[in-house]
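Undergrad: Sequence:
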Amino acid sequence: MDQFLLPPGIVYGKIPWALLCSASPRFLFDTSDLPPMGSGYPSNDRNGWKEFQAKMDKSLEGFIDNQNQLNKELGYPQN
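By UniProt numbering, the letter at position 46 of the sequence shown is numbered 46, and the numbering carries on one by one without gaps.
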């Protein structure tokens, strides 16, 4: 899977699956030691990280809401 909304049947199903992610290691490792995902910022200069992360968090709210709505409609747990 390489998409933001994941079908709950895949996430909670019994068939093995793999997440493909080519955009940034931050998608896989939730740590403040890496630049914000998708920012393109270098890891040795933290200028702009907080501002970018705040904008990213705001923009992802819709994705999270949509994923939760899909999960709810199909009877799966919400995130």
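Think of the hints as simulated: they come from the structure by calculation, not from any bench.
One or more of the hints may lead you astray.
[As the list claims (entries may be wrong)] With a straight-line cut-off of 25 Å between C-alpha atoms, the simulated DMTMM-like cross-links for lysine to aspartate or glutamate are:
#	residue 1	residue 2
1	K58	E73
2	K50	E73
3	K55	D45
4	K58	D30
5	K50	D65
6	K72	E61
7	K72	D57
8	K55	E73
9	K72	D45
10	K14	E73
11	K55	D33
12	K55	D65
13	K58	D33
14	K55	D30
15	K58	D45
[Said to hold, decoys possible] Label pairs and their computed distance ranges (CB to CB):
#	residue 1	residue 2	range
16	Y12	G40	31 to 37 Å
17	K50	P77	28 to 34 Å
18	N44	W17	30 to 36 Å
19	E61	G13	31 to 37 Å
For each residue, glycine too, the CB sits at the ideal point set by N, CA and C.
Undergrad: Are the hints correct? Go through all of them and say.
TA: Okay, the hints, checked on the actual structure:
no., hint, in the structure
1, K58 x E73, "24 Å, holds"
2, K50 x E73, "34 Å, violated"
3, K55 x D45, "18 Å, holds"
4, K58 x D30, "17 Å, holds"
5, K50 x D65, "23 Å, holds"
6, K72 x E61, "16 Å, holds"
7, K72 x D57, "22 Å, holds"
8, K55 x E73, "28 Å, violated"
9, K72 x D45, "41 Å, violated"
10, K14 x E73, "20 Å, holds"
11, K55 x D33, "18 Å, holds"
12, K55 x D65, "16 Å, holds"
13, K58 x D33, "21 Å, holds"
14, K55 x D30, "17 Å, holds"
15, K58 x D45, "23 Å, holds"
16, Y12 x G40: 31 to 37 Å, "33 Å, holds"
17, K50 x P77: 28 to 34 Å, "31 Å, holds"
18, N44 x W17: 30 to 36 Å, "35 Å, holds"
19, E61 x G13: 31 to 37 Å, "26 Å, violated"
In summary, the structure is inconsistent with hints 2, 8, 9, 19 from the numbered list given earlier, while agreeing with the others.
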